[in-house]
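Protein chains: 2
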Amino acid sequence: MTKTPEVADAIAARTDRYVGWLTEACSIQSLAGQPDELERMARWVEEKLTDLGGDTRRLTYEGAPDAILARLGSGPRTVLIYDHYDVQPVDPIELWDSKPFEPEIRDGVFYARGSADNKGDLVARLAALEVYQQVHGELPVQVKFLVEGEEETGSKSFEAIAEHYADELAADGCIWEGMGIDHAGRPELVHGAKGLAYVELVYRGLAEDQHSSLAVVAPSPVWHLVEALASLRSPDGKVLVDGFYDDVEQPTDADLKLLEQLPFEEEEERKRLGVGHFVGDVTGQDLLRRYYFEPTCNIAGIVAGFTVPGASKTVLPKEAMCKLDFRLVPNQDPDDIVAKLRKHLDARGFNDIQINRFSNEHPVRSPADSLVARAALEAAKETFEHEPAVSPMMIGTGPMYPVAHSLGIPTVSPAGVHRPDSNIHAPNENCRIDDFLKIIDYTVSWLEKLGSIDDD
Amino acid sequence: MTKTPEVADAIAARTDRYVGWLTEACSIQSLAGQPDELERMARWVEEKLTDLGGDTRRLTYEGAPDAILARLGSGPRTVLIYDHYDVQPVDPIELWDSKPFEPEIRDGVFYARGSADNKGDLVARLAALEVYQQVHGELPVQVKFLVEGEEETGSKSFEAIAEHYADELAADGCIWEGMGIDHAGRPELVHGAKGLAYVELVYRGLAEDQHSSLAVVAPSPVWHLVEALASLRSPDGKVLVDGFYDDVEQPTDADLKLLEQLPFEEEEERKRLGVGHFVGDVTGQDLLRRYYFEPTCNIAGIVAGFTVPGASKTVLPKEAMCKLDFRLVPNQDPDDIVAKLRKHLDARGFNDIQINRFSNEHPVRSPADSLVARAALEAAKETFEHEPAVSPMMIGTGPMYPVAHSLGIPTVSPAGVHRPDSNIHAPNENCRIDDFLKIIDYTVSWLEKLGSIDDD
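So the sequences go chain by chain: S and U.
Under this note's numbering, the first residue of the first sequence carries the number 124, and numbering increases by one thereafter.
Under this note's numbering, the first residue of the second sequence carries the number 124, and numbering increases by one thereafter.
Derived from the structure by calculation, the hints contain no laboratory data.
All of these numbers come straight from a predicted model, not from anything done at the bench.
Misleading hints may appear alongside valid ones.
Repeated chains share a single entry, so a pair holds when one copy, or any two copies, can fit it.
With a straight-line cut-off of 25 Å between C-alpha atoms, the simulated BS3-like cross-links for lysine-lysine are [unchecked claim]:
id	residue 1	residue 2
1	Lys436	Lys463
2	Lys504	Lys279
3	Lys126	Lys463
4	Lys394	Lys466
5	Lys279	Lys126
6	Lys463	Lys222
7	Lys361	Lys436
8	Lys463	Lys361
9	Lys279	Lys436
10	Lys222	Lys436
11	Lys380	Lys504
12	Lys126	Lys504
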């Protein structure tokens with residue numbers, strides 16, 4: 124099967140309409156902590172899905188913005204589509220060239236907070252449903268379109284929502300919010316995501332800050348924290364927390380084969396990062412294997428005492444704090460990892476260091492040969508000029524565990540509107556209009572595939 | 124010899140006059156970066172010394188506030204008195220109960236910036252000269268009264284000034300700005316000071332901050348700095364910089380004997396600091412020996428990445444910075460210590476970490492049996508209710524090296540107006556009026572001793 128020619132015509136004829144939808148969506152300030160705007164955005168999603176013929180309902184959970192679930196289409200197969208309607212904060216606002224919630228198109232690029240993450244994908248998918256209906260009539264599968272409003276603050280309620288509404292969400296496969304289009308124009312496609320355990324280590328070891336001359340006898344909280352940190356990781360990147368690798372699943376032969384086919388411009392990446400070598404001095408396949416299958420222990424922040432650049436103050440600080448994020452791979456469990464960290468510190472005399480927990484995401488992998496995975500891959504091959512870049516997991520984290528693992532729904536994250544220069548989570552977030560239209564086309568294409576490809 | 128009774132009467136009769144002088148001195152905002160106020164303060168000192176019969180001149184050095192030098196009195200012996208007329212910044216201003224440059228007396232305590240460090244001492248010494256002259260007539264020794272204006276910003280020009288004006292400063296002994304009165308009311312007395320090498324370590328290892336998922340392949344600048352730090356010091360406080368202890372002079376038998384006599388309320392100090400034990404778990408004489416004779420490596424500050432308490436952001440920071448202060452003991456040399464630090468880092472793969480230098484003070488010791496030391500000690504015994512607390516060195520740092528070492532003038536720092544709760548360098552700096560008057564008395568007393576005790 125090749126592309127349906129009427130689809131391109133239908134998209135071309137409706138470009139203004141869909142860019143208009145994107146403009147509407149990106150004009151709503153659906154930020155965490157702005158309940159009125161979040162509700163406005165939830166209603167906008169609800170109305171669009173209703174207009175498309177969806178049977179919508181709200182999935183509610185105390186303290187969380189409502190998630191919207193709409194059922195459309197019919198057929199023996201059911202696909203769950205996941206997007207989110209909330210956006211990242213806009214600071215530092217002074218670095219934006221136009222206002223984050225007043226979308227502007229410059230040189231074919233659409234600038235607004237949320238344009239790339241993930242309202243661009245959300246609107247492209249809504250538009251694709253309409254295009255499909257215009258070209259073909261009834262959707263070829265039953266679609267459950269789920270849009271949550273808490274993703275950018277860690278989807279804290281999503282696990283509970285997924286558990287509580289398990290029956291309503293049941294599906295044969297799930298299309299997760301978009302990966303992107305890589306710097307070479309290749310559509311990305313992944314079947315999972317790394318997990319995350321984020322902790323803050325805090326140690327207050329003195330009643331008050333002291334003059335630094337007293338460091339000769341008063342134990343330094345900063346040194347204590349630095350010593351604790353030094354026990355956690357070796358310079359080659361190996362995490363030294365006792366038992367850290369116990370549950371790590373080794374990549375399969377199929378995984379390693381996938382890595383061989385994966386495009387990775389090592390030298391360009393090295394230059395982009397501005398580094399002389401990669402962690403552990405690895406290159407080639409070892410680098411790729413590390414990239415996708417190794418967990419990490421990263422210091423996201425550290426602070427103590429006097430930190431004004433270019434000045435001096437002789438102080439012995441009373442306390443020190445750092446933030447660690449552990450990226451996890453299957454089958455590491457974030458709760459277990461934090462428990463192991465606690466035990467590791469206790470065993471080395473650091474039982475006085477407090478651990479405060481933040482994000483908590485399980486790593487997750489889904490099969491590469493599921494119905495949704497095959498549909499997304501075949502559609503990508505037909506839609507894009509370049510071959511898809513298929514990788515085993517996203518190295519970042521997404522809250523797909525409750526769906527892909529707990530509900531057992533095979534999940535794939537296909538290409539969405541964003542590119543490496545889309546400034547996700549940063550000022551001047553953007554997506555290219557051409558990419559937005561291409562993702563509408565791609566979405567129609569994988570809907571077609573979902574209705575037509577063979578079962579196994 | 125015992126106290127001259129007329130001295131107490133003279134001080135009592137002139138209390139308002141001398142508190143008035145202190146009020147005048149503390150009303151001038153002689154802060155670094157305020158050249159007009161610094162000059163106003165220099166003129167105030169100059170006028171007071173001239174009124175007392177001094178032959179004053181200015182010691183100038185490009186970029187530094189003028190130091191004032193006055194010669195008074197006569198006799199075969201010459202004593203150099205060192206004070207400074209500049210003060211610390213007043214921030215955080217909101218924590219002051221009264222304005223820092225509008226002195227206020229509450230319950231017998233005089234509150235103003237500079238009242239304890241070191242205008243209280245300066246004015247007490249000026250007052251003592253007048254009292255001496257009123258009671259006895261001509262001063263019994265030749266006094267060279269030196270008051271500099273750059274002490275609070277590190278006396279950067281003082282070494283050059285001392286070298287350039289070596290002939291004018293020549294003396295048989297030097298009375299340095301005041302130590303204090305300890306929490307038990309004991310007058311302190313020291314014969315030297317630790318040195319200081321203050322550096323900032325900066326490492327920028329990535330072109331930009333990255334999403335923390337990239338920490339799996341991109342070397343982390345924060346880990347690199349933490350690893351460098353971990354190589355510098357063992358948890359028991361030993362500094363691991365190669366060759367760090369090469370030039371450390373061991374305490375003599377006389378030093379250790381002095382420690383045996385030194386009052387040190389270990390348990391109270393432990394509680395005040397809020398710690399369970401001291402560095403290296405030492406107690407008793409080992410603790411005192413460490414206190415006075417051990418050098419340190421302290422982390423005065425460290426910062427990298429995301430540091431908002433109670434929040435999370437998954438970032439791989441592009442750079443990290445920390446501030447280290449090394450307190451040095453004789454005969455360590457700050458230049459040599461920084462060179463050794465550089466070499467130590469280079470030898471361990473940390474040659475990419477930049478070292479920026481700040482304060483630089485040589486440690487210095489003077490003999491405990493010099494003329495000035497004996498005069499200050501004997502006068503203290505006669506003036507104060509409690510026995511003096513004599514210690515070998517102040518654990519802090521003062522710029523006395525150019526005088527005590529380079530010019531070879533035996534130097535002692537006797538009790539001044541401040542107590543542990545005088546809030547030196549902090550909001551609500553203060554000195555007690557009673558202590559101020561006592562230090563006038565004490566100063567007259569050591570002037571008398573300087574004129575009368577045997578040479579031996």
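For this session: Hint by hint, work out which the structure violates, then give me just those numbers in ascending order.
Result: 2, 3, 4, 5 and 6
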